[in-house]
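S.K.: For the protein sequence lines, the chains are A, B, C and D, in the order given. One point on numbering: in the numbering used here, the residue at position 195 of the first sequence is 195, and numbering is uninterrupted. Every position in the second sequence, counted from 1, becomes a number in the numbering used here once 1000 is added. Every position in the third sequence, counted from 1, becomes a number in the numbering used here once 2000 is added. Every position in the fourth sequence, counted from 1, becomes a number in the numbering used here once 3000 is added.
Do not rely on the hints blindly, as some may be mistaken.
Unchecked claim - Listed next, the in silico BS3-like pairs over lysine-lysine satisfying Cα-Cα at most 27 Å (straight line):
{"id": "1", "chain 1": "A", "residue 1": "K110", "chain 2": "A", "residue 2": "K219"}
{"id": "2", "chain 1": "B", "residue 1": "K1268", "chain 2": "C", "residue 2": "K2164"}
{"id": "3", "chain 1": "B", "residue 1": "K1110", "chain 2": "B", "residue 2": "K1219"}
{"id": "4", "chain 1": "A", "residue 1": "K219", "chain 2": "A", "residue 2": "K268"}
{"id": "5", "chain 1": "A", "residue 1": "K164", "chain 2": "A", "residue 2": "K110"}
{"id": "6", "chain 1": "D", "residue 1": "K3268", "chain 2": "A", "residue 2": "K268"}
{"id": "7", "chain 1": "D", "residue 1": "K3110", "chain 2": "B", "residue 2": "K1268"}
{"id": "8", "chain 1": "D", "residue 1": "K3268", "chain 2": "D", "residue 2": "K3110"}
{"id": "9", "chain 1": "D", "residue 1": "K3268", "chain 2": "D", "residue 2": "K3164"}
{"id": "10", "chain 1": "C", "residue 1": "K2268", "chain 2": "A", "residue 2": "K268"}
Derived by calculation from the structure, the hints in this document are not laboratory data. Because the structure is a prediction, the values reported are computed rather than measured.
There are 4 protein chains.
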Amino acid sequence: MHPSERRYVITFGCPDRTGIVARIAGFIAEEGGWIVEAAYHTDPDTGWFFTRQEVRADSLPYDVDELRERFGPVAESLGADEDVEGGAGGLHWRIDDTGTRRRVVVLVSKEGHCLYDLLGRVAAGELDVDVSAVIGNHDVLADVTRAHGIPFHHVPFGTDAASKAEAFARVAEITDAADPHAIVLARFMQILPEHLCHAWTGRAINIHHSFLPSFVGAKPYHQAHVRGVKLVGATCHYVTAELDAGPIIEQDVIRVDHGDSIPDMVRKGRDIEKVVLARGLRWHLENRVLVHAGRTVVF
Amino acid sequence: MHPSERRYVITFGCPDRTGIVARIAGFIAEEGGWIVEAAYHTDPDTGWFFTRQEVRADSLPYDVDELRERFGPVAESLGADEDVEGGAGGLHWRIDDTGTRRRVVVLVSKEGHCLYDLLGRVAAGELDVDVSAVIGNHDVLADVTRAHGIPFHHVPFGTDAASKAEAFARVAEITDAADPHAIVLARFMQILPEHLCHAWTGRAINIHHSFLPSFVGAKPYHQAHVRGVKLVGATCHYVTAELDAGPIIEQDVIRVDHGDSIPDMVRKGRDIEKVVLARGLRWHLENRVLVHAGRTVVF
Amino acid sequence: MHPSERRYVITFGCPDRTGIVARIAGFIAEEGGWIVEAAYHTDPDTGWFFTRQEVRADSLPYDVDELRERFGPVAESLGADEDVEGGAGGLHWRIDDTGTRRRVVVLVSKEGHCLYDLLGRVAAGELDVDVSAVIGNHDVLADVTRAHGIPFHHVPFGTDAASKAEAFARVAEITDAADPHAIVLARFMQILPEHLCHAWTGRAINIHHSFLPSFVGAKPYHQAHVRGVKLVGATCHYVTAELDAGPIIEQDVIRVDHGDSIPDMVRKGRDIEKVVLARGLRWHLENRVLVHAGRTVVF
Amino acid sequence: MHPSERRYVITFGCPDRTGIVARIAGFIAEEGGWIVEAAYHTDPDTGWFFTRQEVRADSLPYDVDELRERFGPVAESLGADEDVEGGAGGLHWRIDDTGTRRRVVVLVSKEGHCLYDLLGRVAAGELDVDVSAVIGNHDVLADVTRAHGIPFHHVPFGTDAASKAEAFARVAEITDAADPHAIVLARFMQILPEHLCHAWTGRAINIHHSFLPSFVGAKPYHQAHVRGVKLVGATCHYVTAELDAGPIIEQDVIRVDHGDSIPDMVRKGRDIEKVVLARGLRWHLENRVLVHAGRTVVF
């Protein structure tokens, strides 16, 4: 990354009132900061205000820690607490340095299309992240993962509660060792236990192969086929303890018709799953996704 | 309509077996019929075969009644019963003459966008039908309807069961007098009683303002907003006794984001409602929609 | 309009530098203004900065003229000249009051679908404008226009230069009498003379029935059919002296296939023309479209 | 492939006349063939008729050579010549056996996204082909290709005519040795010489990163940015001697806005390039694409 491309990204949310934009923009201007991208949103339902600001790092004479320290009183005066966990889930405010490379852990099962797509994007230089680890409850995706120079961990899952708990403990151990910015459930077929949903709030991202809230749970393409829908979809969302009910980051659909069998729908749907997941992950890693009241603001 | 544009449209469904295409195409060829459009579909789930054939009327030396009489034994030999009701709901086979102008009755309430869109399409010559009547449980759409030279019937609905039944009896009377090919519920806010769902099977078409099966019932845009979806949709479907559960003819979606209030979603959704209804109605009137096992084949 | 829904809309463009957001937001905050929507954009190619701010009118103790007067020195200090013409074409800055109802003049020929769509949106209360006049070089659309209570002016166009010039003089006279915020060429088949392109810069909006820059000029659907494209499109753009080359406000496409004849493409394309024009016009009337260097910023 | 999934695919085109469907369907029925998919199209512009039929291989008591021999006289009687070259380019008729595994050669340069996408689809079992070889004029994509177990050939291209000719001779040698069903130009940055366009007619498939006919030639995203379009597209087409003018197999678009820089457009466009190429290639390999008069019929 060229120094001129390095950014400090400020995300911020608080109850709306007049003068917030002036206060934040004024602070940045006083510090000499050069804003290269700015977005604002007020949610009339909840009365909350949200903003995201990208400041050129080289326009400020100090580092991100100093910026956080100086911005703290501004945020406090506006009623926002620092989001020390850093998760988009409990947004108040945070500042991230794009000079810190993003780390991602990917959880998979047997279906490779989302993983291959992510690896291809990393290899093509389009998704600028470190894939710290891929963890599979099966090992069929090990070879291609390793061919990309990425560690693959096979963690078999039993069917009884005890062995599942043990497997998830191992998954958590490997994942947490990487301290990832995102944990991607790339068609991982196991339901995260509640304690991991909480521990990874705002960082665990799932791709569900339907246009939620349609077709929650297992075999959504089968459900879609039975209902005779004319479009199938995919939904990228944050993982919460309630299955397939987390805040939605991105969705898209693709047309199907009576001539499409379930395998056809599965195949066509994959193209949407891949792109919806890739968009959602990118936006998350760029701190574009703010969560409030179970919904997302995507700047 | 120029004589060379007049068609006999054959739709046909029966359990699949070898030789059906040859039998039907052979019959048409023997009669000297010129097929201008032909479509086939076999549903592997139900083992049923469907076809739709358009034959130039001027390629046959007799009229549609004679064609029906000659085709009867062919259909019978393949195991299909004539669909005397003529509804797409109970498809076996039918033959329609495009020289008979289609009649449509439209049921409305206060929201005019779908009605205005249909009237505009008729006025522009794009939808070649007679709108026999528009029936409203309110009268706010009377003036524009009448400006298009179309009768508007105001049938007020009470809130108790008896007055609703009386109102529906009046709606049925006006509707049945027109013997329409389609009864369009263009944002009609009353739920059809079961006996009318049955009487109008395969002819009553509803536009629902969500991507079904998401957000069944009232206020789907509000439901969508609460869930934080990134696309809103519309569904055109045949009316059945189970609310919003009839065979789906067409669906489409439009993108929304966190900046869209519920009124914004309502407004954007209307553009999809209009076009989805217009497409579904056109396909129905062209005998392109075949219903079997609760789903549609759209040729 | 409820007083709380009235807005002062500030649009602003100038060469980028640090502190612009702070300066503008600071000014609004000092005046006590309540910003309900704000958008910013910096174009790295041209080095220009753009913003659009919606302020609640009832949050300021004075009217829009006073706001303009006070804002003037702020804008001047940032290097922007007031855009006295008010056109989006020559943007520097302007402030509009949404309490002033928008006026629109529509130019048509024989094809009614875009006009009917606009009239339907006005009748449904979705497009909150006064259609001051509809002017047609043919009179086939007169009846429906008048049924909506809107004056229709038939201005026949001859084929020689002199009679065309005379007809355009009449069109300009009727149009300018209404002092409209937008002049909509709703499938108007005459090419505006250069002096009207200049006089109406930033206010004359055309709908072209192709995905520009494909298929400039006449009969774009025919051109599309010959080339065998798989999507047809529509483009809403500001009119400039160079044919079909003005700044693009909005575009969309719809899928076609080998089974679609040219009339099918025309029919399908209309659904896109209508919605693209309606979106573009709405954005224009809401002062969301800023023009610079031949391209638009749509906030 | 399970024997019951093996198909003989008949594609056929001839000047339209009555009785063609009956003749072909009758032939198949007499032979005892079980048609699992059938499509027909008549092009009113050219007066040509096209069909594609999938017959279960296990429903016929003989092999594909025998079927070709028996079908020959039927086709001849209808005026179609056997398409011995087998290319979709010069369609008359052909019969292919899906039991013969498809072979593909991919030509690349430095940009890997389309190649990675194809390799991912093959690895995921979604695209059931043998990638016989990948040929690059640079070697940056060699490692990932070989990690998938596929031979990578680096054929450097000079800048003078002689060295280009030499390089193309080597490309042709490697390609022709594989006798591929498709030669995919997956963002290959060299223009095929005319003799290879001819030799590979109907088999060479290119992905162009614009919505053709917009932005022919080099740097289409730059051209799109300058014009300020609101959608960018991709086009999959057969290669012909005229640059970017071959028959279009598939197209799609994705929305961009004023906030998208050229690199953003490049990145977003890639998602469309990949999916458009994958669809086009699949349809080609399934013999769904028939070419006539410079346009495609895609069944």
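S.K.: Each hint should be assessed against the structure and marked as holding or not.
M.R.: Status of the hints after comparison with the structure:
1. A:K110 to A:K219: With a Cα-Cα distance of about 15 Å, the restraint between K110 (chain A) and K219 (chain A) holds, given a limit of 27 Å.
2. B:K1268 to C:K2164: The given pair, whose Cα atoms are some 39 Å apart, is violated under the 27 Å limit.
3. B:K1110 to B:K1219: 15 Å, holds
4. A:K219 to A:K268: 15 Å, holds
5. A:K164 to A:K110: 17 Å, holds
6. D:K3268 to A:K268: 19 Å, holds
7. D:K3110 to B:K1268: The hint is violated at about 42 Å.
8. D:K3268 to D:K3110: 18 Å, holds
9. D:K3268 to D:K3164: 32 Å, violated
10. C:K2268 to A:K268: 24 Å, holds
Hints 2, 7, 9 from the earlier list are contradicted by this structure; the remaining hints agree with it.
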